[in-house]
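From first to last, the protein sequence lines are chains A and B.
When you line the first sequence up against our numbering, it's residues 1 to 356, in that order.
When you line the second sequence up against our numbering, it's residues 357 to 958, in that order.
Keep in mind that a hint or two might mislead.
Said to hold, decoys possible - A short, non-exhaustive set of chain B residues, derived as facing chain A with CB atoms under 8 Å:
no., residue
1, ARG908
2, LYS909
3, ILE920
4, GLN930
Calculated directly from the structure, the hints in this document are not laboratory data.
A quick note: this is a predicted structure, and the numbers were derived from the prediction, not measured.
C-beta atoms are modelled at their ideal positions from N, C-alpha and C, and glycine is treated no differently.
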Amino acid sequence: MEPIGLYLHVPFCASRCPYCDFFTQWPVGDALTVYAETMKTELRDTRDQQICADSVYFGGGTPSVLPGAVFADLLSTVRDCFTVTPDAETTVECNPSSDLETFLTAAVEAGVNRVSLGMQSAVDAERRKLGRTSDRKRVEEALSIARKCGIQNLTLDVMLGVPGQTLQSLQETLQFLIDSGVPHVSAYMLKLEEGTVFYKRAASLDLPGEDLVGDMYLQTIETLEAAGLKQYEISNFARPGFESRHNLKYWHCEEYLGFGPSAHSFFRGERFYRKADWEAFVSGAPVVPDGLGGSFEERLMLALRLTEGYRGDIPDELREKASQPLLRPFLEVGDGFIRLTKEGFLVSNTVIAELL
Amino acid sequence: MSDYRNNIRNFSIIAHIDHGKSTLADRMLELTESVSKREMEEQLLDNMDIERERGITIKARAVKLEYKAQDGEVYDLNLIDTPGHVDFNYEVSRSLAACEGAVLVVDATQGIEAQTLGNTYLALDHDLEICPVINKIDLPAADPERVSAEVEEVIGLPCEEAPRISAKTGENVEQVLEEIVNLVPAPTGDPDAPLRALIFDSVYDSYRGVIVYVRLMEGTIKPGDTMRMMATGAEFNVVEVGYMRARSLEPAKCLRAGEVGYITASIKTVSEARVGDTVTLATRPASEPLPGYRKVNPMVFCGVYPADGADYENLKEALEKLQLNDAALSFEPETSGALGFGFRCGFLGLLHLEIIQERLEREYNLDLVTTIPSVIYKIHMASGEVLNIDNPCNYPDPADIDFCEEPITNAHIFAPPDYVGPIMELCQERRGTFKDMQYLAADRVDIHYELPLNEIIYDFFDALKSRTRGYASLDYEILGYRQSELVKLDVLLNGEQVDALSFIIHQEKAYGRARKIAEKLKEHIPRTLFEIPIQIAIGGKVIARETVKALRKDVLAKCYGGDITRKKKLLEKQKEGKKRMRQFGSVEVPQEAFMAVLKLDE
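Chain A with its partners taken away, still in its complex shape:
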């Protein structure tokens, strides 16, 4: 059996960012203890040493709000329940404003070898509008703490199209990414999700227009690639060998198991998820089936997010659709592959919807 990925959702945040609709809550009362115990129960209920994992990913929320001991205990439970390969990519998402000195010392000790820092922007004015409480200096400190703890495999998250952003201010953020020397970067375009503060206040946000955001995206690709951070997915860039093993599993339609509220799984051909609901989580509600995974359409839709695109036989019908004049500028079709161009990435929704 191929090694799979393991995802653990940590549904806590010290503060709520106004653009985020992920499932989180405040780590108050005995919530942390209840969380840790419930996670361990979920893991033990799925326990199977036959299952081999070469990636463990702690996402959130903000995993770095967990006390180091709680985190270490969780990761050791993961190792008890599944066969985690010695070279497994073990990532934890961190917020620069957490007490990283304490947390990362424990996390690295427990086996973490990759750290993802949610920076969002190197421009403090932009960071404030995004609800990030730490400043740029704090991000620099966080990076040096991580390195001091022995982590070289670092990734920074940034956002494009945030309130007040211009091409100049973006350049500042990109320069920061390059100067920091991190081997991996994720750059996501801000999307207004229903139910968030940003969604309600959209009109008053001073958001850059569609065309400007398009320019920002292309500038990001160009600047990062020139600095050796090669784009390998719509929103992800890495020095060779530092591509995220965990995220590639999603795009390669490989299997993974998710734990914790709102975590999704694709396992033994089936997709299922755990409810984004604290009560359901605590009471041990069963997973919710989400249909079969791995169809051709699904693999195509996912693979087209990668710069290498979809590799395999291209059915005639798809080849025909891809060759219509309308789509031609956005696609490259060759022998055994189909992929989006950089302009194609920008309108990938429309193009993929046309193809499916």
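We have chain A; now place chain B onto it with these hints.
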């Protein structure tokens, strides 16, 4: 034996929209115990969903009430309900012709409105005895004295004795019934004369065929008789006659002069029992029909297309079913290069159009695309030929046209004097010709304009309401045709003409409207992978232009904890959205774009 006619009263209730006509009818049903309170559904007389939601009565209904009056006698009160909107003026006039009296309901908080007066004049035309009633006295803003003075002054009806009621609470409603007994004359007419019965409504019932609602003026009819429609000459065998009760039809041995009742005779469509026609007997026909019949002609036309071409047959069936009950609705097949197969439908007015559209969507679950409504233009060709054009697609080459005519209406707008300015401005914008202005009372002005019908059918009601905060009311009738400078506007998307968006307009307004249409289309056509030029042209000349820029950014956001399904659903939604769009050459136009072009003033 005393004359049966002495204990019959035939009456209507007339009122402006929302002045409480239906509520009063409900209370009357309760008071005469035609319906018990427990069974009482709000506004029983209006039994279509849409009527209830819009608070207006679309089709006339009638009911017989038995009332024991203070004089100890039991009276048959035949209440004939009337539609409350200008689109249905003809139906109103037929209902009134079936009565000897009318209860005029006036809102004690609002006073006389356009349709109060319009309907009162109609009732006076039919020599009806009018019993004014001041309603809604339970409301804090009610001023019954002021309103009754207004009625006396404007209409010339003595109002001192008029019942002050609250149809809502039931207060003093019995007084209204007494007024009807005392003031409305009993019907006359010889039951032994040749039959003359006025059809004031007809409804289709899938079991019995058409149920014809009649008022017998003279003569008698009974099952087994052969009846004849005097206008169409059609003959039918009478199966059943009887009275309309609140909850059911009550069969009777016969109907006699002066009575209101129903006839069934295996009639297949309502167009064979047209409102206003006279029923007589084949064996002993009357020599003259009752006066006032005319075939109602549609005034407003538009194309109605199924959003999904596969629904064409369903749309056809639905229209056929609606037509069984609505002789004023016309339709014939039409093809549009852009919209495919559909129907050109004719309506009495814009409200009628909206009601039919809503019923098709709601009751028949159809997704529709409707084109811009049009009136009938008379195009005089250089050859001398005159074309009646209700579809812009049939508009001839301007070079062959001598001159054009368009329908003009006589419009009365009632409003408080504060709004005279904005109203006159609106009427001027809509090419109105000012005729007259009268102060009906200190706070009520009647502004009289001649307005082209095609200006009224473009959102005139909405514009009037928004400019007068809902205080103005409108009544209009068709005056005739008048020469006019018309042009046809064409819309081109990416160089291709969209026939469904063409329309005919007065030359003066062409530029302004073209600009607005271009802007609206730009706003509503989603950006796609290529740039779309929007052009509005007269003949070959482009008079307005906009561009929908090519789509720049459309990327799915971050993958949330491996949630692939969310992405899949987003893509599926995007594909679904495409299905609801119309393909014009290479351009896809969402339905909202059509709607937006319709309602330019918003």
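Going through the hints against the structure:
1. ARG908: 4 Å, holds
2. LYS909: At about 5 Å, which falls below the 8 Å cut-off, the nearest Cβ of chain A leaves the hint on B/LYS909 intact, so it holds.
3. ILE920: At about 7 Å, which falls below the 8 Å cut-off, the nearest Cβ of chain A leaves the hint on B/ILE920 intact, so it holds.
4. GLN930: At 4 Å from the nearest chain A Cβ, B/GLN930 passes the 8 Å test, so the hint holds.
The structure is consistent with each of the numbered hints, conforming to all of them.
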